[in-house]
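One-letter residues, chain by chain:
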Amino acid sequence: MDRVLANGSSDRGATVQPHHPQRVFHIEILSPRQNAPDLDAGLAALADKYRQIVDAGHVACFTDNPLGNLAFQGTELIQELGLPVRPGQVSIHLNTFHTRRDLDAILDAATNLKIDDILVISGDGSERLPKLRGRDLGIEAETVTSVELVAHLQRTCPGRFRIGVAFNPYEPREHEMEKLRRKLDAGAGAVTTQPIIGQDPSIADLRALGATVIVEAWMSKKLHLLSDCVGYALPADETYDPLENLRTLLRTYDGCGFYLAMLGMKTQFPLLRDIWS
Amino acid sequence: MRIVVCVKQVPAVSQVSIDPETKRLKREGVQAALNPFDLYAIEQAVQLKENLGGEAIALSMGPRQAEMSVREAMAMGCDRGVLLCDRAFAGSDTWATSYALAAAVRRLGHVDLILCGKQAVDGDTAQVGPGLAAQLEWPQVTYVSMLMRADGDRLVVNRMHEEGYDEVEVDLPAVLTVVKDLNIPRVPTLRSVLAARRQPVEVWTAAEIGADPACLGLDGSPTRVVRTGPPPPRQAETVRLDGPADEAARRLVHDLRMKSLL
Chain A
0 MDRVLANGSS DRGATVQPHH PQRVFHIEIL SPRQNAPDLD AGLAALADKY RQIVDAGHVA
60 CFTDNPLGNL AFQGTELIQE LGLPVRPGQV SIHLNTFHTR RDLDAILDAA TNLKIDDILV
120 ISGDGSERLP KLRGRDLGIE AETVTSVELV AHLQRTCPGR FRIGVAFNPY EPREHEMEKL
180 RRKLDAGAGA VTTQPIIGQD PSIADLRALG ATVIVEAWMS KKLHLLSDCV GYALPADETY
240 DPLENLRTLL RTYDGCGFYL AMLGMKTQFP LLRDIWS
Chain B
0 MRIVVCVKQV PAVSQVSIDP ETKRLKREGV QAALNPFDLY AIEQAVQLKE NLGGEAIALS
60 MGPRQAEMSV REAMAMGCDR GVLLCDRAFA GSDTWATSYA LAAAVRRLGH VDLILCGKQA
120 VDGDTAQVGP GLAAQLEWPQ VTYVSMLMRA DGDRLVVNRM HEEGYDEVEV DLPAVLTVVK
180 DLNIPRVPTL RSVLAARRQP VEVWTAAEIG ADPACLGLDG SPTRVVRTGP PPPRQAETVR
240 LDGPADEAAR RLVHDLRMKS LL
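Those protein sequence lines, which keep their order, are chains A and B. Under numbering that gives the first Met the number 0, the first residue of the first sequence carries the number 0, and numbering increases by one thereafter. Under numbering that gives the first Met the number 0, the first residue of the second sequence carries the number 0, and numbering increases by one thereafter.
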């Protein structure tokens, strides 16, 4: 069976061989907040989760200051904790809330660590996080969105990274598709959706664009948390079963990559081995 | 250059409330944060140290848990952290706080520059920086929005006001209070956070800074909060712009310009 790489494509013929010949999930790792009360415990838990993910052959995906909370970057966590980087098994999110100096440092570290996959997102931002400005990237645009950031990556490190972008099916469809086209035109090659519950007609539209599609699955039972992430109030569903939803997604969107958010490492992770069969 | 940057731990903005009995901010059980304006003072102190050499020292006064804010300043690049922690400091108003901080600065010795955020977001007084300058009898510049240059024992800075800014020369040693326009505070790295956790924070008592107990706490505070009240409710108004999108957009721009918001 071919292994599905971080960008959703097959690695048939690639020089890098999978450590485990099985289907691969992209599994989100929320890095500890900078003001975490017990940073040591948070770092230890992160290292353990990371190792479990990569040892099982999956892709570890580090977030970038989600919801505007000051957290640590995936690159520095890998470096400081001495975590192993296996080709195609690490992806970092990169949002627009950085100084140019920090952005360069992240990209340099990703290059040195041989991290190939970057998911570019606009990000949530906060008072504490500096926002990239057009002049920081040497462009005329006043503000920097994920479109400008993708273009910047293509301009400054051409071919260095496989670049993915985000798609929010909860936004008005026409508006979101237009944004996505601009992201793809800027150089992105993959699209990761916001979490899909059941089915979503926009997935067919995404596949029609020719980009690699990675479908996100919400692995927490708490759907109200998902509402905070996507920016729209989703109907409460006390019976939501994340594993059953994942099975539905796997059946429905064969050929896509799958990104798991809020995965429970104790109860859900051990079940992934058999869930795709 | 030897720089002291004053930092304060404040309740996280979203959790601020006032005790109706004591008229004081409720601090117990409330998540704490570094005063946001202090971030700009820290960044400037670290930049000056990096460019001119010397030492940046974070100084705070508060309960033991205020050490977290001192460590945050150290994670951003301050070389040393000092916390004034003693029951004698409890209840100090801005004048008594300035007195204690000034005593700590004297104990540190050979300080060229003190940087403070323009105000703390809990009390919003903007008095401690100027009070510190008064206690030390040093010159001060408030609302500094840009540091133009450092010429030996003199700084040239821009001081922001409602109609623009003044370019001000100030002899060192001096006290500056700073505003957000000054710089972009750096985000600490994991390495710097871990390094800051390993460094000691020096904890000084009132006796160790040679402070007169009569000048500290409630006894040393000439001001009293006698009444507090909520601000008047905001007069929110919803305006609906119907019609074609381009026409509605034109009207929106027009209305915003008429209110000087664009």
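Fair warning: there could be bad hints in the mix.
For lysine-lysine, the following DSBU-like pairs were computed, each having C-alpha atoms within a straight-line distance of at most 35 Å [claimed, not checked]:
| hint | chain 1 | residue 1 | chain 2 | residue 2 |
| --- | --- | --- | --- | --- |
| 1 | A | Lys178 | B | Lys179 |
| 2 | B | Lys179 | B | Lys25 |
| 3 | A | Lys178 | A | Lys113 |
| 4 | A | Lys48 | B | Lys48 |
| 5 | A | Lys178 | B | Lys258 |
No lab work stands behind these hints: they were computed from the structure.
Right, here's what the structure says about each hint:
Under the criterion of a C-alpha separation no larger than 35 Å, the hint pairing Lys178 of chain A with Lys179 of chain B is consistent with the structure, at around 32 Å. For the hint linking Lys179 of chain B to Lys25 of chain B, the alpha-carbon distance of about 26 Å falls within 35 Å, and the restraint holds. Between Lys178 of chain A and Lys113 of chain A, the direct Cα distance comes to roughly 29 Å. Compliance with the 35 Å bound is thereby established for this hinted pair. About 39 Å separates the Cα atoms of Lys48 of chain A and Lys48 of chain B, which puts this hinted pair outside 35 Å; it is violated.
Taking the CA atoms of Lys178 of chain A and Lys258 of chain B, the gap is about 32 Å. The hint holds against a cut of 35 Å.
Violation of the numbered hints given earlier is confined to hint 4; every other hint is satisfied by the structure.
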